[in-house]
Each structure stands twice: as structure tokens, then as C-alpha cells.
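Trainee: Next come the chains, spelled out residue by residue.
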Amino acid sequence: MSVLTTPAGPTLRRRPLRLLLTAVAYLLPPALLTWWLWEATAGSTNYLFPPLSDILTSLRTDWFSSAGLEQIWPSLRNLLVGYAIASVLGIAAGAWLGVSIGLRQLFLPVIDFARSVPPPVLLPLGVVLLGIDNAMKVAVIAFGCIWPTLYGAMEGVRSTEPVRRSMSAVFRLRSRERWRMVVLPGAAPLIVAGMRSSLQIAFVLIVISELIASNSGIGFSVLQASRTFQYADMWAGAILLGLLGLLLNLIFGLFASRVLRWRDEEVRARRMS
Amino acid sequence: MTSSVPTTLDRARPDAGEVVLAVDSLTKSYRPDGAEPVLSGIDFSVVAGELLSVVGPSGAGKTTLLNCICGLLRPTDGAVRFRGELVERPPDGLAMVFQDYSRSLLPWLSVLDNVTLPLRRTVGSAAERRELATHALRSVGLPDATKLKPYQLSGGMQQRVAIARALAYEPALLVMDEPFASVDAQTREELEDLTLRLREAYAMTIVLVTHDIDEAVYLSDRVVVLGGRPTTVHSRLNVDLGRDRDQIGTKARPEFGELRALVHAGIRGELSA
Amino acid sequence: MSWVRGAAGVLMVAVVWELVARTVPSVHSYLPPFTTTVGRLAELVLDASTWTALGESALTWVSGLVVGTLLAVPIGFAIGASAWIQRVTRVVMEIFKPIPPVVFIAPMVLLLGTDQKMKIVLVSYAVFWPVLMQAIAGIEGIDPIAQRTAVAFRIRRADRLRFLVFPAAWPYVMTGLRIAASLALIATVVTELVGGAPGIGQNIAVAQINSQQTDVYALVLLTGFLGLAVNRTFDRLERSTLEWHSGRS
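Protein chains in written order, with our numbering: chain Y, 1 to 273; chain S, 1001 to 1273; chain C, 2001 to 2249.
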């Protein structure tokens, strides 16, 4: 009888020195880049590229302040609410479409069309339909970013292994177990991949949703700064968006690796055998 | 050993002599008009406590036959009866072991959860499910694997888990679809002997579908040989090798060789016709 | 018979739209009936100026896609080739990647004016990141066994690139292109909507400002068709390159 293979062996044995080196490798380049930009732009009179020190000052005063947080919060809230709605609806609708060829044939042309409408053109439509409040922005974000999740869930459910279908049917699993323990976990890799794309689109849409008919939020402030030639403020806003995106991606990465831990371990186990 | 088996479903145990499965002039065509059948007039039955093999060359429609037996497909003509009742959908009390163990087991569930999954419907208490599963895992020689994930086990051990899942379900009929076709030769012999042991211990009724002639003769009380186009029952053989069998002694007996030759001739004769 | 059902689905949506627009009283002012919208769409399609605008948008979209890809693929391959370069560039990339191009519209308009050049620069920027990330992943994902085989057989570097690296990374790049294609269309429309550059997005903005509701809806439908054509093309391209690839795993 063969020996049990336990994955995750070598990664646990990482030495502290190696860890330190990796951290340096990740963090040194951005530090160097910052330093170089700081030096290169010091005393800059180029209106488009003001000194980095000015940019960082406005980053601190514009954003990392109570007034700044009051600007960030509504945008972030719209993003999270819109994304949550899109995720729930996308997974539900995608799973529903994934189980039946008939439903797909009926609705896919409409859905294909709907996902092809570039979300920015929905802004004028949203203003016409819902007015200029947060509901409109949340709706634009949700509508714009739902598609990758929906397609991921649909594809994931549709491509359930035939053996797993037979297994569920022969053992007569109840639909609760069938969904929760067989179909949805099996579809999880594609659902998560879809949700990752959805998050990226949602992030772009927080700025886009504040393009017109808006008077607060990150996107509004950044656009306002760039329209009024306040380029230090604009760059500060861009850096803020970059940092915020990085943070959201990190959080999503943690979530994804948690949900898909079994898959990563399985892949590693296969590779080792 | 039989006395120590915890039983929750008295109805699951068929009486001696009961016809558990009756396949009655089954014909299956995938065309709506019933032309060009894959299977034509298949007839056989399985009595409680019997191990019957269905042997046929690849492409003979063995999987189609299995799907009809399990209620996953409806026959075009004829009928399948499970414990006297017409099979129209997967019946209660039928378990299956699939060839593709790596897919039929769920990698996101532990070995224990895989085994208890079908019991969630049939057994009310979680403790009882656990006990049944632990017992079944002990019976297949994997007492310590409960917390592991399937992919941490070798192929042969994974198939043992699949067998344990079927065992814990306490089926009136166990259907095995090429269960040992994906493991190496030595593991295959181990699993064959395990099947024989379990069958004695639990007084199981088993239908084994295989393309392997040696395996069919070695394990079975009776062999049904399929062949021809469309596939029909070419011959039925009684295997009078007694209940006490072992890999070396039994296979060396002259009767084994004769039976083997008969099955072989059956399959080949039909192929050249 | 799938198209019959598909047509039935479209018809269902059209009927619901029509009924809501015609029967719900308060909705009427901002939701023109389906038939009215389609009628207006037909008029717009027959209008040469619509085609000029569509052409402007399509030109921006294609050029941005080409420029962004040509920049991203070689850089991505270079970064993907070394684990160390990847680590060194990671944080900087992760910070730049999420910054939406919209932010830079105003300075770009100032620098380049409201014409094709400005649009193409912004669209290339939008295209660059997804293609870059996929190109890196493509090089990273090359089968280690194939790589070891190539080394063991002493296959020359140039041949290794041609027969191992490019074919293996290509499907990833195609996936990046598919994502980039729809992002590029978004960026195109945004630059027109906000930047005031000519194109279909500008037409929508003008219609909205003039409160021509029916025109807004008709033009949104039209961009939907444009997007559908884009998505279909890239889905098909991606699938044709993925055929051998999916059979492998």
C-alpha cells in the first residue's frame, strides 16, 4: 500500500531569512521608485508632474483625514453594495441557467446583449431612470459588473462532472446537499474567477459612476481635481485608487485562497505524485 | 463480523432468494424513433446474495445498460425491476461504485464527509451517520483516513473510500462500474479480494460490470456475456468455483481456465460475426 | 432549434418593456416603448452621421487594442520569465493596475486635444494591464515537464521560444485580449462621454443633455450591438486557440 502524501510539505519549511529576502524583494523596488520620483520631481515646475512631496502632502490632507474619509466612504459603500448585489444575483442566476439547456437557449441571447452594453453608456440611462442619487450608482455598478460572475457560475454549474451528477442521482441526494456539497463547490473555481473580474470592473465603475451628476466620492474628487488642473490632487487621488485597488485585491485573494484551498492542495498533491 | 454491523434500515436487507434486480428484455435506442438500438432484448436477473458480472467488449453499451439499471436512463422497450418495482428513476437502496474514483469522490470534502454524504437523507442523526461511516471505513481497511482529503490518498485507497461510501449506505444492491479499471495490477488484486471479503461479511448483492474476463470469472457466481451489434446477451455461465477463492489457487484451477476460455470465445465469436 | 427559443426570449423582454412603458403611468416620461425605440434606432442606422460616430469609436477601439497589446506582450513575457523580476515589479504593478484610465482624461485632453490620439492613448492604457497580467501568467504557466524536456534535448533557445514558449503562452494572451476588448470598449465610450471626443459615446451624452430619451435608449441599444460583435469575435478567437489547450489537462 502506498504512503499517504501530505501536500504543503516544503512550503512550511521556509526559513526566516528567505522570508525576509522575499519581503525585501517585494517592498524595496516601490521604495526605490518613490525615492527616485521624489528626487526627480523635487522643485518641479511642470504643471502636469508636480513634486512628489506635494502629491504626498495632498494625499495626506485630502484623503487620510476625516474629510477625506467622508469622501471615500460613500464610494466604497456604493462599490461594496453594488458588488454584493451583483455577486448574489450573478451566482443565483448563473446557477439557474447552468442547470438547463432550455433556459440558456431562452435567455442567453438577451444576456449576451446586456453584458455587451458598455456600462458607461448606462450612466445617462441611469440618470433618466433612477435620478442622480446613490441608488443609480449602485445600480450601474451592479449591472456593469454582474456578468463575469454570472457567466462563471453558469459555466461552472453546467460543467459539473457527469460522474458527480450520476453519483448525486444514484444516491438520491436531496437538492440541498446536491447544491451545497456537490454542484456549487465544484463550480467554485469558475465562480471565484468570475467574481475576481467582476470586482475589477466594479472598481473602475466607482469612478465612472461619479462621472456625471455627482457631487461627492473618490471618483468625483479626482475628476474634479483633474478638470480644475489641480494635478497634485489628481495624482494623490490616483495613488489612493491604486492603494485601494491593491487592498481590495489582497482581501479578495485571501477570500479566494480560502474558498479554493482544496483545489490548490489537490493540484499540489497531483504534481508531487 | 456480520453481527457487529450497525444497521439502521431493516428494509435494506433483502430476504434470501428474493430477486433483487430483474432486467426484462431491455432494449435501448438513443434515437427517438427507436431505430438502431444499442441494446436489444437484454434479459437477466440477480438474486439476493449473488455476485453477477456483466462482461462485454468496449463499446458494447455496458454504460447504457448500467444507466438503465440505475434509473438514469429510461429503456426504449422492456423493463428494469428493482425489488419487484419498476425502475423509472434511481431507486432507494441502490448504491454504486464508479470507475472514476477521483471524480466520484468530492475533493472539497474529507473522506468521512464523502462517506456520510449519501447518509444525510437516509440517517437522521449525525452521530449515527458518523458511526456507520467509521465502521465502513474500517471494513475497507482505512480506519485512520477519516480526516484526510481524497487526493491525499493513493488511487487504490480512493476507490476503497468509494466502496466504503456504498457500504455505509447499506444498499440492497451494489452496482460496480469497472471499479478496478483505473488502478495498477497489484492494487486491483487487493481490491478484488476486498470485494469478495466484504460481500461475505455483509451478505451483499452485487452487479459488477467489467471488460476484464479474469476479473469477472474470479469474482462472480454467474457471468452474463454481452456481444454483437446491437448488443444482446450472448451467453450465461455459472461459475462453480465455490465461495472460497484466492488469487493464485483459484486462477490455477483447470475449471477457471475453461470458464475463462468460454467467456473469451463468447466475446470474440460475437465480434468476428 | 436553439435560435427559436432565443428569439422567444428576446420577444419576451420586448413585450415586457412595451407593456411597462405603455401601461405604468409614471414610467412613461422616462421609458419610451420598445417599438418607439426600435423605430428610432432604425432611423439612426439609416443616418450617415451615426455611422461616422460608430466608425470613430471602432477605430479608437481597434487601435488602442493593438497598441496596448503590442506593448504588454513583450513586457509581460520578460517579466514572466524570471521569478525575481516578478517579485520586484509586483507591488508597483498592483498599485498601477487598478487606477482607471478615466482619471487621466482631463490631462490627456489638455496634452493631446480631443481627437483620436488622446482616445487611443487612454484605451491602450486600459488594454495594457489585463494583457500584461495574462502574458505574465502565460509564461509562468508553462508546463515544467515540457520545459525540462526541452532542456534535456538541448533544444536551442530560439526554437524553445518558438515551439514551446509562444504556443504555451498564447491562450493566456488571448484570454487577456478578450478581457481587454470589453474594457477597451468601456474606455472608448468614456473618453467620448466625458472627454468630448467624437464617437458614439458623445452622441449619447448629447442626446441625454438634450433630454432626447428615445435617442439615448436607441443609442444604448446600438452600442450593445457593437459590444456584442466585439465579444463574439473575441470569444470565437479565444475558443479557436484554446481547442488544443483544453484537451491537454
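These aren't lab readings, by the way, just hints derived from the structure by calculation. Beta carbons are placed, not taken as given, at the ideal position from N, Cα and C, and that holds for glycine. Misleading hints may appear alongside valid ones.
Chain C stretches covered by chain Y per the calculated footprint, using a threshold of three residues with CB under 8 Å from any CB of chain Y [to be verified]:
1. 2054-2063
2. 2067-2078
3. 2093-2104
4. 2181-2191
5. 2207-2216
Trainee: Now tell me, hint by hint, if it's right for this structure.
Mentor: Hint-by-hint comparison with the structure:
no. : hint      : result
1   : 2054-2063 : violated (count 0)
2   : 2067-2078 : violated (count 0)
3   : 2093-2104 : holds (count 10)
4   : 2181-2191 : holds (count 7)
5   : 2207-2216 : holds (count 4)
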